[in-house]
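A.B. asks: Chain by chain, the residues run as shown.
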Amino acid sequence: MPRRVLGSGAPVDFAPSPEHELLRQTVRDFAVREVEPVVAQHERERRFPSDVVAMLGPMGLLGIPFPEDEGGAGLDTLAYAIAVEELARVWGSLALVVAAHTSLGCGPIHTAGTPGQKERFLVPMAQGRVLGSFGLTEPGAGSDSGGTRTTARFEKGPGDGTWVIDGTKRFITNARYAGTYVVTARTGTRSDGSPEIGAFIVTDPTPGFSVGRIEEKMGLHASSTGELIFDRCRLPADQMLGGRGDGWKLFLRALDGGRIAIGAMAVGLAQAALDASVPYARQRQQFGRPIGSFQGVAFMIADMATEIEAARLMVYRAAWLKDQGRDHALAAAQAKLFASEVAQRATNAGIQVHGGYGYMEEFKVERYLRDAKLTELGEGTSQIQRLVIARRLLDLEVM
Amino acid sequence: MQIVVLLKAVPVVGTERLDAAGRVDRSAGLEPNGNDEYSLERALTLTEAHGGEVTILSVGPAAATDPIRKTLAMGAARAVHVLDPGLIGSDMAATARVLVAALRRLDFDLAFAGADSSDGGGGLVPAMVATQLGLPYLSYAADVEPLDGAVRVRRISPGGYHVIEAPTPALVVGTQLLGAPRYPSLRGIMQARSKEVATWTLADLGIDPATVGEAAAGTRLLRTETPPPRGRALVVRDGPDAAVAQVVAFLAARGLA
Ligand SMILES: Cc1cc2nc3c(=O)[nH]c(=O)nc-3n(C[C@H](O)[C@H](O)[C@H](O)COP(=O)(O)OP(=O)(O)OC[C@H]3O[C@@H](n4cnc5c(N)ncnc54)[C@H](O)[C@@H]3O)c2cc1C
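As they're listed, the protein sequences go chains L and P.
Position one of the first sequence corresponds to residue 1 (this note's numbering), numbered consecutively onward.
Position one of the second sequence corresponds to residue 400 (this note's numbering), numbered consecutively onward.
Below are the SDA-like pairs computed for lysine to any residue, each with C-alpha atoms no more than 25 Å apart in a straight line:
id, chain 1, residue 1, chain 2, residue 2
1, P, Lys594, L, Pro58
2, P, Lys594, L, Arg28
3, L, Lys364, P, Gly413
Over 10 Å on every C-beta distance to chain P, these chain L residues come out as not near it, computed from the model:
id, residue
4, Arg120
5, Arg129
6, Gly193
7, Thr203
8, Asp246
9, Asp303
10, Ser382
11, Leu387
12, Arg392
13, Leu394
Sample of chain L residues facing chain P (criterion: CB under 10 Å; computed from the structure):
id, residue
14, Leu23
15, Gln25
16, Thr26
17, Gly60
18, Ile64
19, Leu75
Worth flagging that the hints you see were computed from the coordinates, not collected in a lab.
Computed from a predicted structure; not experimentally measured.
From the three backbone atoms N, C-alpha and C, an ideal C-beta is built for every residue, glycine too.
Please work from the sequences and hints to get the whole structure.
C.D. replies: What follows is the structure, given as structure tokens:
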């Protein structure tokens, strides 16, 4: 029997359930056998992995933490984190596609959708028939996500009326390949002068909606990051998600969950660097002995492994808190902050262990570093995570 | 149609280790035997197409629970796990006797097995089982087609295929040609939680412990050796002319041409 920690009421048990273990093995087998062989080519050609994504749906990998009646697989956030980690261990781009779709595309509809909205939008997404995406960031609204300029103007009319959306979103993951976009727009101004922000569900195609430029990025070449353009895009009133003015809060809440997935992605990328470095350090000989027998190299590997383990536990704990229905905002921000910075260090060390070979594309470790950098930026930069954490601790308006 | 799949839990390929007694260590880190998974895959597609259910039958150590769970997540309806400390060290003949005793307690039209196991590699158990049960034995199956009260198998032969038919119940030994095993779906993983895994002991099967296990084995394990690591392979990808030159040079360098 696991020993109970005094007071907490929760047994400390670090053994994953057999289901989580089987899930990890399944995703790992799938990633190694079906995904790995196509990674290099997609990355080189900057090609979105539509074929691979199509395989994920039937396996249940595009709706892991959602209940079955919402089209999901009925597992939990921990399972989702494990799956994203294992995908990232083989392919960062694919992990990001899944994370953005699940946490950010599906997440808000799961949280705030009406039964009708869930049936119509979430079920096909969670079943993997339609890819989801999340449009918060704008040219002038990055870290300051409340600075949304995109507007939604209500027009009375047939039915319950329409919302007319105008504006541009930037750096939106899954742009062009998604069928359903959840986006924020200003619906007005509150009495205190602050913007009132709503969330809207936009399906592609909708007149007035288009995808603009797709970015050329440092890494994650096979994932798509692009612009969403709204030009008098008319949406029926029932495509507003949540109540009027609930949008921003809803998005921040989605980000709390999303950070767990980005943390998991960071752990997966860091683990990939370690997976590559250990055998390399054993095989590569210099000065007549394996480079792993030099402390200078061995200790890099020891540090990588130690930090990765700590990051993984933080991510799993944040996931566990969410699954328990407990406040996970702080834990998620901490996990994402720590894991992304671990990923940065570990993937960098991965190159160092490989020496000049690590700098060559053929050895893949350089890709891990480029891909890992995103985890320090997306879903709130490391500075923003520190803000979130510090505000909670200090209870001050830290800026 | 009821299909029983005989499935062995083997160490994850590439991670095999020997225990202190020199036997393959099966205490942890097991997976379904790869060849058995081809047969399982076909059993699942057959029952999906024609109705019926797949039952897994596995004789193995406690750690076989994980691979058994995987087969349930893939779609098998239930499993029978024959688990008994007396079974440790059993040879192929004893294992076959246990499987026979278990199969006598199960209702089936077809029993499926894999060609051989990745750890033991004996490949004789299915034939022993079929013989002892008096079942038609259809091996090297590249295709399996159920007929009314019978089964038709496309059997790989040295020169091509034999198409053979036998009345059911029958025992079919599959090959890779039956198709790649599916990955468990996440929903399957969840559903597996509520599927039945019956654990049967030697006593349940009415088997005298003296007839199985290491002491009763008709074969003795004298010594085990880890094969030397394989040499580096030369993969030739050039066109025919350049390839021939490379292959000849390779052989010549080793005094073989
Ligand atoms: C590959 C990729 C995919 C993305 N996918 C999506 C997506 O799907 N949906 C979406 O909505 N967005 C997405 N984004 C956008 C991402 O969330 C933003 O880029 C991020 O929030 C930062 O905003 P910014 O780029 O405008 O940088 P800025 O906000 O301009 O930040 C610049 C620098 O200033 C710092 N900074 C800003 N404010 C503060 C402060 N108060 N205190 C201290 N430092 C501060 C930042 O930390 C950073 O170092 C994606 C971005 C990338 C790169």
